[in-house]
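Assemble chain B onto chain A, guided by the hints.
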Amino acid sequence: MHSNGYRTLLAAGMLAGAIAALPPAVTAAERTIADSGGRQVRIGDTSRLVSIGGDITEILYALGTADRIVAVDSTSQFPPAALKTKKNVGYMRALSSEGVLSIDASLIIASNRSGPPEVVKALKSTPVPYFEVGEDLDPAGIAKKVRLISRLVEREPAGEQLASRIEHEFQTLSELRSAIKKPARTLFVFNVVNGRATVGGADTSADAMLKLAGAVNAAASVTGFKPLSDEAVVELAPDFIVTMRRTAGDHDTGQLLTMRGLAATPAGAAKRVISMDGLYLLGFGPRTPSAALDLMRALYPDLPSKRVELGR
Amino acid sequence: MQRAAAASPHRPPIDRDILGRRVIAGGALALAIALFLSLSIGATGITLASLPRALSAALAGSEDPVLMREQLVLLDIRLPRAILGMFVGAALGVAGTMMQGLFRNPLADPGIIGVSSGAALAAVATIALGNSLAAPLTRAFGIYALPFAAFAGGFVTTTLLVAIAGRHGQVMIGTLLLAGIAIGAIAGALTGLIAYASDDRELRDLTLWSLGSLSGASWPKVAAILPFALAIVVVLPLVIRALNGFLLGEAEAYHLGVDIERTKRLVILTTAACVGAAVAVAGVVGFVGIVVPHLVRLLAGPDHRFVLPGSALLGAALLLSADVIARMLVRPAELPLGVVMAAIGAPVFLHLVLRRGIGGVE
Numbered sequence: 001m002h003s004n005g006y007r008t009l010l011a012a013g014m015l016a017g018a019i020a021a022l023p024p025a026v027t028a029a030e031r032t033i034a035d036s037g038g039r040q041v042r043i044g045d046t047s048r049l050v051s052i053g054g055d056i057t058e059i060l061y062a063l064g065t066a067d068r069i070v071a072v073d074s075t076s077q078f079p080p081a082a083l084k085t086k087k088n089v090g091y092m093r094a095l096s097s098e099g100v101l102s103i104d105a106s107l108i109i110a111s112n113r114s115g116p117p118e119v120v121k122a123l124k125s126t127p128v129p130y131f132e133v134g135e136d137l138d139p140a141g142i143a144k145k146v147r148l149i150s151r152l153v154e155r156e157p158a159g160e161q162l163a164s165r166i167e168h169e170f171q172t173l174s175e176l177r178s179a180i181k182k183p184a185r186t187l188f189v190f191n192v193v194n195g196r197a198t199v200g201g202a203d204t205s206a207d208a209m210l211k212l213a214g215a216v217n218a219a220a221s222v223t224g225f226k227p228l229s230d231e232a233v234v235e236l237a238p239d240f241i242v243t244m245r246r247t248a249g250d251h252d253t254g255q256l257l258t259m260r261g262l263a264a265t266p267a268g269a270a271k272r273v274i275s276m277d278g279l280y281l282l283g284f285g286p287r288t289p290s291a292a293l294d295l296m297r298a299l300y301p302d303l304p305s306k307r308v309e310l311g312r
Numbered sequence: 001m002q003r004a005a006a007a008s009p010h011r012p013p014i015d016r017d018i019l020g021r022r023v024i025a026g027g028a029l030a031l032a033i034a035l036f037l038s039l040s041i042g043a044t045g046i047t048l049a050s051l052p053r054a055l056s057a058a059l060a061g062s063e064d065p066v067l068m069r070e071q072l073v074l075l076d077i078r079l080p081r082a083i084l085g086m087f088v089g090a091a092l093g094v095a096g097t098m099m100q101g102l103f104r105n106p107l108a109d110p111g112i113i114g115v116s117s118g119a120a121l122a123a124v125a126t127i128a129l130g131n132s133l134a135a136p137l138t139r140a141f142g143i144y145a146l147p148f149a150a151f152a153g154g155f156v157t158t159t160l161l162v163a164i165a166g167r168h169g170q171v172m173i174g175t176l177l178l179a180g181i182a183i184g185a186i187a188g189a190l191t192g193l194i195a196y197a198s199d200d201r202e203l204r205d206l207t208l209w210s211l212g213s214l215s216g217a218s219w220p221k222v223a224a225i226l227p228f229a230l231a232i233v234v235v236l237p238l239v240i241r242a243l244n245g246f247l248l249g250e251a252e253a254y255h256l257g258v259d260i261e262r263t264k265r266l267v268i269l270t271t272a273a274c275v276g277a278a279v280a281v282a283g284v285v286g287f288v289g290i291v292v293p294h295l296v297r298l299l300a301g302p303d304h305r306f307v308l309p310g311s312a313l314l315g316a317a318l319l320l321s322a323d324v325i326a327r328m329l330v331r332p333a334e335l336p337l338g339v340v341m342a343a344i345g346a347p348v349f350l351h352l353v354l355r356r357g358i359g360g361v362e
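So the protein sequences, as listed, match chains A and B. My numbering numbers the first residue of the first sequence as 1 and each following residue consecutively. My numbering numbers the first residue of the second sequence as 1 and each following residue consecutively.
Isolated chain A (complex conformation) (with noise of 0.2 Å):
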């Protein structure tokens, strides 16, 4: 009895340790999930990756299966380690047929921005699945994506995580919206060229962070990244300028105000330039609340505290 039971267990142990020791491609089941356009994608093997898109790249990284992935594009930049350590396929409007088939993938996701269309219609007639995601600029379609492309790579259970806390994050940013009085009139400095900025307008990304982090786009009247004249720059006078900040150090913002229109502002005149790191807070993917938030924390630096304790 007493070495019967044991035996059992022996058994049991070992057959635990062998399905313990199969590889994983095995236990991955061929599903069938519908991709942002509407196309139904067979999906198998998901262990070699090729992401197209900087915000795919940021939250396969988030999701922790930054190993699986193969390759990614040119405008993967966060993480940093990503263009480091990951064969390039290219900047993801002007993709190679034959580049992205090399890398011998099992999956490629891709934003559907991609490009040039021919290619993109050839990568989806190959045998490699080829996964196309949307691309939003609200919150509700952020939280969305990280849960299509968790669903992807069968990490539900991190994904509704991340996603959720995003959902959290932007609850919390419109709580705190709510409690500003006055909102601040806000430019957004894209770049400095030849004496002339060049603003964020209506319909930017730019325009998308401002909202978001409680402020009025002083340049709301042009549409688009925009030039504009020292003369214009003055009549929008903005009370805060946003810019984005390229190397390690303040000099740039000392260097913005040395353009007369930008100077005469009563942003320029009080110095209130707030410089940030440009994928932070123009990326739009997991990391967009809590930039919108060190944004906001920019602006109304009074704004009560309560909740701010927003995770990375």
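Don't read these hints as lab results, they were simulated from the structure. Some hints here could point you the wrong way.
Derived CB-CB ranges, DEER-like [what the hints assert, rightly or not]:
#: 1; chain 1: B; residue 1: 204; chain 2: A; residue 2: 45; range: 31 to 37 Å
#: 2; chain 1: B; residue 1: 223; chain 2: A; residue 2: 258; range: 55 to 61 Å
#: 3; chain 1: B; residue 1: 65; chain 2: A; residue 2: 31; range: 14 to 20 Å
#: 4; chain 1: A; residue 1: 229; chain 2: B; residue 2: 65; range: 54 to 60 Å
#: 5; chain 1: B; residue 1: 204; chain 2: A; residue 2: 64; range: 27 to 33 Å
#: 6; chain 1: B; residue 1: 174; chain 2: A; residue 2: 223; range: 41 to 47 Å
#: 7; chain 1: B; residue 1: 231; chain 2: A; residue 2: 258; range: 56 to 62 Å
#: 8; chain 1: B; residue 1: 193; chain 2: A; residue 2: 136; range: 49 to 55 Å
#: 9; chain 1: A; residue 1: 202; chain 2: B; residue 2: 65; range: 46 to 52 Å
#: 10; chain 1: B; residue 1: 328; chain 2: A; residue 2: 203; range: 35 to 41 Å
#: 11; chain 1: A; residue 1: 277; chain 2: B; residue 2: 204; range: 19 to 25 Å
#: 12; chain 1: A; residue 1: 67; chain 2: B; residue 2: 329; range: 24 to 30 Å
Where is the CB? At the ideal position from N, CA and C, for every residue including glycine.
Okay, now just chain B, sitting in the frame of chain A:
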């Protein structure tokens, strides 16, 4: 060729015909080598050795993933790409030769007749307005909206220019040149205006398009350029004698019995069609139209019997070689074709010019 140049003062010069035939044979050989390389080199490492297997798998409708991959790479990616590359190179080479012959100006290129600026304007408009104003076009033509627009834009501009410069049944070459500059400026201004109104991604697309690429090659595009390739083959023999007459001057050509007006129209329309089609499938690829004809003239002399086919062969060979380099250098990504083309071609050309003297006739 160096021997021939050095020997000429002492011996009677080598017969131009023999030299011309040598250049054509050399061009054909260069094209054969470039074609072989283009089909057998690629990021996947699949070589032509897999071709029989891939072909039989294609015929049998095999579902084996390895064979399907080889079939896809060899037959659906590399082969249409090589064919398009040959066409684009040949068309640009021939168009450049014909323009230089017609205008009797070594710096003339197909851009003079407005085809490039018109094609660029239409393409830029399609890229930037594809989701708004030009939406019906993109809906109707799908992924072929851009090539179609580029071709139509080039053709419309050229027709307009010929109408402006053509009075009393004559095309005035001087008027054509000046009107071409004016229309080019207008098209350039409109292109700039659209670029100014574009967002970041559209701008990036515009830049990439203006640097040229064969990466969008496909069988439907090959089918679309087929009539233009045939047009080159049909028109070439018709214009050779006339263009040789033009070498002496328009009046002299007339006295030699050349139908001046017919030649002008034939050359202009063929050039517009060829360049329009080339730009439509590959974007803007500069350099070939100017440099290849000069290269051939340096080697073979000015006789269009040799310069025209020689430019076609050498243009095709050069473009295919540049494309192989463009897709191998940074694989699995790709460099823009125009960048590789100029980076390799210009130094070679400069070297030849310095060694042989401009014009190649002395």
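Note whether the CB distance of residue 193/B and residue 136/A lies within 49 to 55 Å or breaks it. With a Cβ separation near 30 Å, residue 193/B and residue 136/A fall outside 49 to 55 Å, so the hint is violated.
Range first: 27 to 33 Å. Now tell me if the beta carbons of residue 204/B and residue 64/A are that far apart. Roughly 31 Å apart at Cβ, these two residues keep to the hinted range, so it holds.
Is 31 to 37 Å right for how far apart the beta carbons of residue 204/B and residue 45/A are? 33 Å, holds
Range hint 46 to 52 Å: satisfied by the CB atoms of residue 202/A and residue 65/B? 48 Å, holds
Taking the CB of residue 65/B and the CB of residue 31/A, does the distance hold inside 14 to 20 Å? With a Cβ separation near 18 Å, residue 65/B and residue 31/A satisfy 14 to 20 Å, so the hint holds.
Do the beta carbons of residue 277/A and residue 204/B sit within 19 to 25 Å of each other? 21 Å, holds
Range hint 54 to 60 Å: satisfied by the CB atoms of residue 229/A and residue 65/B? 58 Å, holds
Regarding residue 328/B and residue 203/A, is the given constraint of 35 to 41 Å on their beta-carbon distance met? At roughly 39 Å between Cβ atoms, residue 203/A and residue 328/B fall inside 35 to 41 Å, so the hint holds.
Within 24 to 30 Å or not, the Cβ separation of residue 67/A and residue 329/B? 28 Å, holds
Mind checking the hinted window 41 to 47 Å against the Cβ distance between residue 174/B and residue 223/A? 44 Å, holds
Take a look at whether the Cβ-Cβ distance between residue 231/B and residue 258/A falls inside 56 to 62 Å. 59 Å, holds
Given the hint of 55 to 61 Å, is the C-beta distance from residue 223/B to residue 258/A inside that range or not? Since the Cβ atoms of residue 223/B and residue 258/A sit about 58 Å apart, the hinted range of 55 to 61 Å holds.
In this structure, only the earlier hint numbered 8 is contradicted, and the remaining ones agree with it.
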